[in-house]
Amino acid sequence: MIDLHGFGNQLLQGAVITVELAFASLIVGLILGLLGASAKLSSIKALQWIANAYTTIIRGIPELLTVLIIYFGATSVLMSVASLFGYEEYIEIGPFVAGVTALGLTFGAYATEVFRGALQSIPKGQHEAAVALGMGNVRKFYRIILPQVWRMALPGLGNLFLVLLKDTALVSVVGLDDIMRKASIAVSSTKEPFLFYSAAACMYLILTIISMVAVHYMEKKASRGIKRT
Amino acid sequence: MELSVVISYFPRLLDGAWVTLQLVILSIVLGAIFALPIALARISSSPFVRVFPFLYIFFFRGTPLLVQIFLVYYGASQFEVVKESVFWPILREPFWCAIIAFTLNTSAYTAEIFRGAIQAIPVGEVEACKVVGMTRFQMYRRVLLPRAFGIVLPAYGNEIILMLKGSALASTITLLDLTGMARTIIARTYTPIEIFMAAGVIYLVISMVVIAIFKQVEKRQNRYLGPIVIKVPEKG
Numbered sequence: 001m002i003d004l005h006g007f008g009n010q011l012l013q014g015a016v017i018t019v020e021l022a023f024a025s026l027i028v029g030l031i032l033g034l035l036g037a038s039a040k041l042s043s044i045k046a047l048q049w050i051a052n053a054y055t056t057i058i059r060g061i062p063e064l065l066t067v068l069i070i071y072f073g074a075t076s077v078l079m080s081v082a083s084l085f086g087y088e089e090y091i092e093i094g095p096f097v098a099g100v101t102a103l104g105l106t107f108g109a110y111a112t113e114v115f116r117g118a119l120q121s122i123p124k125g126q127h128e129a130a131v132a133l134g135m136g137n138v139r140k141f142y143r144i145i146l147p148q149v150w151r152m153a154l155p156g157l158g159n160l161f162l163v164l165l166k167d168t169a170l171v172s173v174v175g176l177d178d179i180m181r182k183a184s185i186a187v188s189s190t191k192e193p194f195l196f197y198s199a200a201a202c203m204y205l206i207l208t209i210i211s212m213v214a215v216h217y218m219e220k221k222a223s224r225g226i227k228r229t
Numbered sequence: 001m002e003l004s005v006v007i008s009y010f011p012r013l014l015d016g017a018w019v020t021l022q023l024v025i026l027s028i029v030l031g032a033i034f035a036l037p038i039a040l041a042r043i044s045s046s047p048f049v050r051v052f053p054f055l056y057i058f059f060f061r062g063t064p065l066l067v068q069i070f071l072v073y074y075g076a077s078q079f080e081v082v083k084e085s086v087f088w089p090i091l092r093e094p095f096w097c098a099i100i101a102f103t104l105n106t107s108a109y110t111a112e113i114f115r116g117a118i119q120a121i122p123v124g125e126v127e128a129c130k131v132v133g134m135t136r137f138q139m140y141r142r143v144l145l146p147r148a149f150g151i152v153l154p155a156y157g158n159e160i161i162l163m164l165k166g167s168a169l170a171s172t173i174t175l176l177d178l179t180g181m182a183r184t185i186i187a188r189t190y191t192p193i194e195i196f197m198a199a200g201v202i203y204l205v206i207s208m209v210v211i212a213i214f215k216q217v218e219k220r221q222n223r224y225l226g227p228i229v230i231k232v233p234e235k236g
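Note that the protein sequences, when read in sequence, are chains X and E.
Numbered by UniProt numbering, the letters in the first sequence go through residues 1 to 229 in order.
Numbered by UniProt numbering, the letters in the second sequence go through residues 1 to 236 in order.
Chain X with its partners taken away, still in its complex shape (with noise of 0.2 Å):
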């Protein structure tokens, strides 16, 4: 049998912390995206100006700069705001904040060209059916329009997620306590980089493969009305 020098416990600890990060970025970068597509569909020039600015650079840049950049640059940009109102006290972004920042930004770019091809796909027909019968706009999104693209972008979102679940390890380098920085910690007492890496290796993967199952029945759920063709 494998021997973790016990600290397979502190693996798991980890493992944890990973889960938790992956799906608040989830929930930010879901929130961005749909707001991203909104902006590109809208027929806002401005709002349509911010939403490209936004999907191109934070494209365009590792998500490890984007990281760095929101650990470390977060701090001074809120001090600076905040001492417009007065208030001087010190004001520190943690890790995990700053991950779900990070992470959520780029999981809303990548997430806000999948809504828009999903909203785009809907039929220039129903929006009008909807009208017809009386539903206002709040409720047209909530009945006819959101269930489908949740359809449509299943499979995108899907493989957006298998993404953002490895980039959560990047945040492991400006010091949250996920799965790499535990094995990194193991690796420092035990001198053992090989044994614990791959361990970790090894949790990724599992985590991996539960998702691809979860989005596989996610998305035979959110098909159940559909004919295969």
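Source of the hints: derived by calculation from the structure; they are not laboratory data.
Fair warning: this is a prediction, and the values are worked out from it, not measured in the lab.
All the given hints hold, so there is nothing to weed out.
Partner residues aside, some chain E positions facing chain X, computed with beta carbon under 8 Å:
{"id": "1", "residue": "62"}
{"id": "2", "residue": "63"}
{"id": "3", "residue": "66"}
{"id": "4", "residue": "71"}
{"id": "5", "residue": "75"}
{"id": "6", "residue": "168"}
{"id": "7", "residue": "179"}
Ideal placement from N, C-alpha and C gives every residue a C-beta, glycine not left out.
Given chain X, put chain E in place with the hints provided.
Here is chain E on its own, set in the frame of chain X:
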């Protein structure tokens, strides 16, 4: 914001960008060379041949690149055998470790792209080759691979951009690539926002150049198609 810091350290950032470019170009070229046999083995009709590329691709696509770099750079030194072997002078250098990890990683992704492209070619063309009396090798060299090259371009351009972004991880094993250089400068000047933003702009410029080059190559490669656009499913 202090722009003077950016200006005075800009040459050093460019030095970092040069290391980044070397990392990306070397691993992309090596990755493509490895990817082709992996892709061909992946579509083999024998399940025993298929299972190895499947596991290889599954491992490298299912684990974070950071883990893979650490496995190569720190992991290899756990074994005395490796330390005494002829490979040690290479495995000791962070640059070559980064190249090894990036190459393995990108070859797995690229193999999947190649496989998708080869399988996207209509069966009729394969049948036509057989009717004309081409051997398997001729069919691949004359028809399937050139066709696949045209189909592969958009997805392959994406992969290069992803590799460019992934190369920032080289900074975690002490390499002074663009991100590593930025972190070193910041440790001295304490101006994270200005320097990281400047690094971000350089990354953006590099990826825009890559995108522009690929647009041109795509236009040329697929010129026989006229204005038709080939759609390749985006990869995750």
